[in-house]
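Chemist: Taken in order, these protein sequences are the chains called A and B.
Residue numbering for the first sequence follows our numbering, starting at 1 and increasing by one per position.
Residue numbering for the second sequence follows our numbering, starting at 1001 and increasing by one per position.
Fair warning: there could be bad hints in the mix.
As the list claims (entries may be wrong) - Calculated pairs, DSSO-like style, for lysine-lysine (alpha carbon to alpha carbon, straight line, at most 30 Å):
hint, chain 1, residue 1, chain 2, residue 2
1, B, K1017, B, K1195
2, A, K46, A, K324
3, A, K324, B, K1228
4, A, K136, A, K232
5, A, K394, B, K1219
6, A, K393, B, K1120
The hints are simulated quantities; they were obtained by calculation from the structure and are not laboratory data.
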Amino acid sequence: MNFSELVTESIRTLFINKMRTGLAVLGIVIGIGSVIALVSLGESSKQAVQSQIQSLGANLLTISPARQTTGRVAGAAGGGTTLTYDDAKAIENSTELTTIANVAAVYSGRSQVVAGGNNTNTTVMGVTPSYATVRKITLSSGSFITERQLTSMSKVAILGPTATEDLFGEDANPVGQTVRIGGQNFQVIGVTKAKGGSGASNQDDIIYVPLTTAQKRLFGVKYVSSIYIEAKSDKLMTAAQNEIGYFLLDIHGISDVSSADFTIMSQEDILETASSVTGTFTTLLSGVAAISLIVGGIGIMNIMLVTVTERTREIGLRKALGAKDKVIIDQFLIESVILTTIGGVIGIFLGVLASFLYAKYSSSTFVVSVGSIFLAFAVSAAIGILFGWYPAKKAANLEPIEALRYE
Amino acid sequence: MAISSIIKVTNLSKIYKNDLVETVALDNISFEIKKGEFVAIMGPSGSGKSTLMHIIGALDKPTSGTYILDGANVSKLTKDELAEIRNKKIGFVFQAFNLLPRTPAIKNVMLPMAYAGVSKEKRITLAEKYLKMVGLQDRMYHTSSQLSGGQQQRVAIARALVLNPSIILADEPTGNIASAQADEIMEIFEDLNDKGNTIIMITHEEDIAEHAERIIHIKDGKIFADGKDHLRRRIKKVG
Chain A
1 MNFSELVTES IRTLFINKMR TGLAVLGIVI GIGSVIALVS LGESSKQAVQ SQIQSLGANL
61 LTISPARQTT GRVAGAAGGG TTLTYDDAKA IENSTELTTI ANVAAVYSGR SQVVAGGNNT
121 NTTVMGVTPS YATVRKITLS SGSFITERQL TSMSKVAILG PTATEDLFGE DANPVGQTVR
181 IGGQNFQVIG VTKAKGGSGA SNQDDIIYVP LTTAQKRLFG VKYVSSIYIE AKSDKLMTAA
241 QNEIGYFLLD IHGISDVSSA DFTIMSQEDI LETASSVTGT FTTLLSGVAA ISLIVGGIGI
301 MNIMLVTVTE RTREIGLRKA LGAKDKVIID QFLIESVILT TIGGVIGIFL GVLASFLYAK
361 YSSSTFVVSV GSIFLAFAVS AAIGILFGWY PAKKAANLEP IEALRYE
Chain B
1001 MAISSIIKVT NLSKIYKNDL VETVALDNIS FEIKKGEFVA IMGPSGSGKS TLMHIIGALD
1061 KPTSGTYILD GANVSKLTKD ELAEIRNKKI GFVFQAFNLL PRTPAIKNVM LPMAYAGVSK
1121 EKRITLAEKY LKMVGLQDRM YHTSSQLSGG QQQRVAIARA LVLNPSIILA DEPTGNIASA
1181 QADEIMEIFE DLNDKGNTII MITHEEDIAE HAERIIHIKD GKIFADGKDH LRRRIKKVG
């Protein structure tokens, strides 16, 4: 009996008990499907984070306040108050620093914003004029904050496209109109182009105001959330990082590097951190999915054991008619491998479909690695062999006499 | 002797052991069966006739003694070699027919040939030929549930014959069949025997056994009588 005959024979047998076959396959479908879906989900969020960070430019450095430590209690990261607009100005005006091109300081907070009858709670960012250059922000209409507006603490605002839509409706041009931010009237002077991003890092659901206005008029703070620095070239990143670091330590009067009250990160550092976070997340989710795959495999073994018991007489007959142990093993192994590969193929299909739908409705990139599909296929076949082996061996070890007698 | 022995059993014993008891199923049995013979093995239940059938059928190994089937010493073979002997040298006919469920008659007949490595085309031709021989040319694609007991047993006989075995080993072949159909089955056996096939039939029914030309009686694991005087069917045929 050759291989293709065993395969057709197995498919015929599996079709006899459709319900049972279907349920056994379902376990593998769920396992493989969730592995595929979760891996590509992780992959797409990783790519989203990477492209977002890369779009900011490779020559960008971010200075953040170090986390505050009160006694032995560490505060939240980025919540520090140690950086000021003066730091930014000092860096910008320093003649010692030769590696930097532009400096921008930012204070970021959330506020209730009202325009007409519309109401939204969004990120309000106090920025310096150079922010547009440093963060590569382009306007679809109007103009960005000027140096004069910054010094005079003008109540002007630039809206992101999402914020515009929330406050003024789709396709509206709000330039010249008024929005109320934190109970004060601001004149809209510009709208930025869509940049994308999601969740907390959405750069479209945002309102820019002059930094001084945000600090004094809106939030009543003296510090900044971060300072962005554009280096002259992406080859000078390490030099810039060191230069700025020692410069700031000097200004802050700190002599010990390890007690610095700020951190300087390049895009590469941020990318690495973000990737490792999404990587851990993906690994964790895939682990959960892999467990469901193992449970599916156990289901296959269970079904195969039932099948062997049920077909004891048939196995006895086959042996009496001259089937060698190997043929019996092959027959049952092929059956379980067919079960798991059918499950695998359906699972791959559903997993890809799920990640496609997710990408479509969350407007993120649809990423499916061909490698993970092949791997999933191989894994499902391997599960068939792994969990089908014991039942197949059990079938082959049946004594023909006992098997023939079995009622 | 002109006709050679196809089965030669010498001092054959089979003892079943479990923790507490030793049961002697076959006690030092010796006999020979010649090519072309039609032998019935008779005995009450528990006499050891099923054990003997299993050993003759290469389904089980004796505890001691030798069993030579068509020149091969079966008592010394490995599991796979036994499977090959069963496949090529023995045609089984079981009391419960043992056809594959939900499988057409022709596929059942083809099964032993598949294990013997016969090509698919040849399997189909041979299966058709033997199904015609047992009178089932119109039922080749019926599954067992669509066949009567007698028809199922005829499929089983066709299956036993396809690889041209040295012996046909029938275990209570009419035990599950209505008596009218049982006679048809016995006629097929007689025809096969007339064509030169060696048939060994295990039964406990006197009238079925009398279709054979020789009856070996077994009782308490020993041969109790071995007679060739049951020539009723021969006489009947001649007369």
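Chemist: Look at each hint and say if it fits the structure.
Modeler: Results for each hint:
no. : hint                : in the structure
1   : B:K1017 <-> B:K1195 : violated (42 Å)
2   : A:K46 <-> A:K324    : violated (53 Å)
3   : A:K324 <-> B:K1228  : violated (38 Å)
4   : A:K136 <-> A:K232   : holds (15 Å)
5   : A:K394 <-> B:K1219  : violated (36 Å)
6   : A:K393 <-> B:K1120  : holds (27 Å)
The structure does not agree with the numbered hints 1, 2, 3 and 5 stated previously, though it agrees with the rest.
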